[in-house]
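Two chains, two separate frames, one set of hints: put the complex together.
One-letter residues, chain by chain:
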Amino acid sequence: GDSVTQMEGPVTLSEEAFLTINCTYTATGYPSLFWYVQYPGEGLQLLLKATKADDKGSNKGFEATYRKETTSFHLEKGSVQVSDSAVYFCALTAPSWVFGQGTRLTINP
Amino acid sequence: GAVVSQHPSRVICKSGTSVKIECRSLDFQATTMFWYRQFPKQSLMLMATSNEGSKATYEQGVEKDKFLINHASLTLSTLTVTSAHPEDSSFYICSAQAGVAGHEQFFGPGTRLTVL
Chain W
1 GDSVTQMEGP VTLSEEAFLT INCTYTATGY PSLFWYVQYP GEGLQLLLKA TKADDKGSNK
61 GFEATYRKET TSFHLEKGSV QVSDSAVYFC ALTAPSWVFG QGTRLTINP
Chain D
110 GAVVSQHPSR VICKSGTSVK IECRSLDFQA TTMFWYRQFP KQSLMLMATS NEGSKATYEQ
170 GVEKDKFLIN HASLTLSTLT VTSAHPEDSS FYICSAQAGV AGHEQFFGPG TRLTVL
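In order, the protein sequences belong to chains W and D.
According to my numbering, the stretch in the first sequence is residues 1 to 109, in order.
According to my numbering, the stretch in the second sequence is residues 110 to 225, in order.
Chain D on its own, in the form it takes in the complex (with noise of 0.2 angstroms):
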């Protein structure tokens, strides 16, 4: 089936720095990835959807200067959390879509982010 991978799976940081998670579709082309971010309470937060060679589309909330996404091919995509500061320690996952609309995700196992 298909794979989708992250790197790094667990990353650890000062308050300040910035920090580049890499999402890869593995066996497939993705037309479309997406950024999630899930809280400690389960709940899966659509950050933002990017297409391959456009600008990612923010979901209402999500700082984009902050959040930064590029698509630069159609097997990754990289979210780049800047000036990280505790409230942004989370779990992230990216899934990516082959095809035409409708068709299914498929998932990352994830990156927990940890902020000092």
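If we strip away everything but chain W, and leave its shape as in the complex, we get (with noise of 0.2 angstroms):
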């Protein structure tokens, strides 16, 4: 079946540092691929998406590309804040969902 693979955390980076949170899929059809970010004590938010290979999702400083080649869709910003503190899904729908099963990314002032 369908299934996504993150980076396994936690992470921990220094404020300013430049961040990627690795992550692939396999998907017999043609998925849809979303980062969801989760805050302490909240529920997700989506963070970006993209519907089609080689669309690029941004939102909030944040990039991810479609990568169809490699079955990726690597999380990066270049410069992370404090603020950015939280855990980070990966997920698909093929029209099933599909969530990864997080990675948790802690910046350090």
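Quick caveat, the hints were computed from the structure, so don't treat them as lab data.
Mixed in with the good hints, there may be bad ones.
What the hints assert, rightly or not - EDC-like mimics (lysine to aspartate or glutamate), calculated; alpha carbons at most 20 angstroms apart, straight line: (1) W/77 <-> W/8; (2) W/60 <-> W/76; (3) D/123 <-> D/197; (4) D/150 <-> W/8; (5) D/173 <-> D/213; (6) W/56 <-> D/172; (7) D/173 <-> D/131; (8) D/123 <-> D/161; (9) D/150 <-> D/213; (10) D/123 <-> D/136; (11) W/77 <-> W/15; (12) W/52 <-> D/197; (13) W/60 <-> D/213; (14) D/150 <-> W/55; (15) W/68 <-> W/84; (16) W/77 <-> W/63; (17) D/129 <-> D/161; (18) D/150 <-> W/15.
Claimed, not checked - Cβ-to-Cβ under 7 angstroms is the rule here; a few derived chain D residues that face chain W: (19) 151; (20) 153; (21) 160; (22) 213; (23) 216; (24) 217; (25) 218.
Glycine included, C-beta positions come from ideal geometry on N, C-alpha and C.
Laid out in structure tokens, this is it:
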């Protein structure tokens, strides 16, 4: 079946560091890909999405590009802030939904 | 943007009692609603998927008689944890999806259930 594999956390970085959280997927169809973010004590919020190959999703300085050839959707940010500390989930729908296990990110000042 | 609310945000109950959690889509009609359980180490487990007016589809290993789901309207779904026990203590999150498959899910803020 379809699956999503995320980089295992936790990830700890200093403020202004470059961030990459890896996400790869397997899907029999043509999935849409998503990154969701969960701040402490809250539900998940959509961070960005891409619906077809080579699309780039972006929001709040985060970016991810839908790479069909490598079946990847890695999340990147050039300069992280303390407020980016959260759990990040990669997900796909094709059309059933599959979520990755989440990656906890902590940014230290 | 689309907003999904959950009520209550926190509930503490005694073992053996039942607890109902409501999930509402406030500004859109949700053709599909999902219920998740989130464990302490953050992993998100899909419990069931429900479509308005039809029976919920439960994931393997989820007891349908224990976790009753009712999707009575296009804006409301409820999860009832029947005869709750301490091992049911968890963070329960609902989400709603509008329109065709592939459209994003909008998540509620979650409900923290503690069973004493």
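Hint by hint, here is what the structure shows:
1. Only pairs whose Cα atoms come within 20 angstroms are accepted, and residue 77 of chain W paired with residue 8 of chain W is accepted, the gap being roughly 18 angstroms.
2. About 11 angstroms separates the Cα atoms of residue 60 of chain W and residue 76 of chain W, which keeps this hinted pair within 20 angstroms; it holds.
3. Our distance criterion of 20 angstroms between C-alpha atoms is met by residue 123 of chain D and residue 197 of chain D, whose separation comes to about 11 angstroms.
4. Of the supplied pair hints, the one linking residue 150 of chain D and residue 8 of chain W holds, its CA atoms being roughly 12 angstroms apart against a limit of 20 angstroms.
5. Proposed proximity of residue 173 of chain D and residue 213 of chain D is contradicted: the alpha carbons are some 26 angstroms apart, above 20 angstroms.
6. Distance check on the hinted pair: residue 56 of chain W and residue 172 of chain D sit about 40 angstroms apart at the alpha-carbon level, beyond 20 angstroms; violated.
7. For the proposed pair residue 173 of chain D and residue 131 of chain D, the alpha carbon gap of about 17 angstroms is at most 20 angstroms, so the pair holds.
8. At most 20 angstroms may separate the alpha-carbon atoms for a hinted pair to count; residue 123 of chain D and residue 161 of chain D exceed this at roughly 31 angstroms.
9. The suggested pairing of residue 150 of chain D with residue 213 of chain D is violated, with an alpha-carbon distance near 24 angstroms, which exceeds 20 angstroms.
10. The suggested pairing of residue 123 of chain D with residue 136 of chain D is violated, with an alpha-carbon distance near 34 angstroms, which exceeds 20 angstroms.
11. Distance check on the hinted pair: residue 77 of chain W and residue 15 of chain W sit about 11 angstroms apart at the alpha-carbon level, within 20 angstroms; holds.
12. For the hint pairing residue 52 of chain W with residue 197 of chain D, the CA-to-CA distance comes to about 39 angstroms; that exceeds 20 angstroms, so the pair is violated.
13. For the suggested pair residue 60 of chain W and residue 213 of chain D, the alpha carbons sit about 18 angstroms apart, so the restraint of at most 20 angstroms is met.
14. Proposed proximity of residue 150 of chain D and residue 55 of chain W is contradicted: the alpha carbons are some 31 angstroms apart, above 20 angstroms.
15. Proximity of residue 68 of chain W to residue 84 of chain W is assessed by CA-CA distance (about 27 angstroms); at most 20 angstroms being required, the pair is judged violated.
16. Among the hinted pairs, residue 77 of chain W with residue 63 of chain W is consistent with the structure: their alpha-carbon atoms are about 6 angstroms apart, no more than 20 angstroms.
17. Between the alpha carbons of residue 129 of chain D and residue 161 of chain D the distance comes to roughly 18 angstroms, so the proposed pair stays at or under 20 angstroms and holds.
18. Taking the CA atoms of residue 150 of chain D and residue 15 of chain W, the gap is near 24 angstroms; set against the 20 angstroms cutoff, the hint is violated.
19. Here the hint on residue 151 of chain D is kept, as its CB sits about 4 angstroms from the closest CB of chain W, short of 7 angstroms.
20. Contact between residue 153 of chain D and chain W, as hinted, is supported at the beta carbon level, the nearest pair being about 5 angstroms apart and thus within 7 angstroms.
21. At a threshold of 7 angstroms, the smallest CB-CB gap from residue 160 of chain D to chain W is about 13 angstroms, leaving the interface hint violated.
22. The criterion of a C-beta within 7 angstroms of any C-beta in chain W is met by residue 213 of chain D, whose closest approach is roughly 5 angstroms, and the hint holds.
23. The interface hint given for residue 216 of chain D is met, as the beta carbon of that residue sits about 4 angstroms from the closest beta carbon of chain W, less than 7 angstroms.
24. At about 5 angstroms, the closest approach between the beta carbon of residue 217 of chain D and any beta carbon in chain W falls short of 7 angstroms, and the interface hint on this residue holds.
25. For residue 218 of chain D, the shortest C-beta to C-beta distance to chain W is roughly 4 angstroms, which falls under 7 angstroms, so the interface hint holds.
Hint compliance for this structure: hints 5, 6, 8, 9, 10, 12, 14, 15, 18, 21 are not met, and every other hint is.
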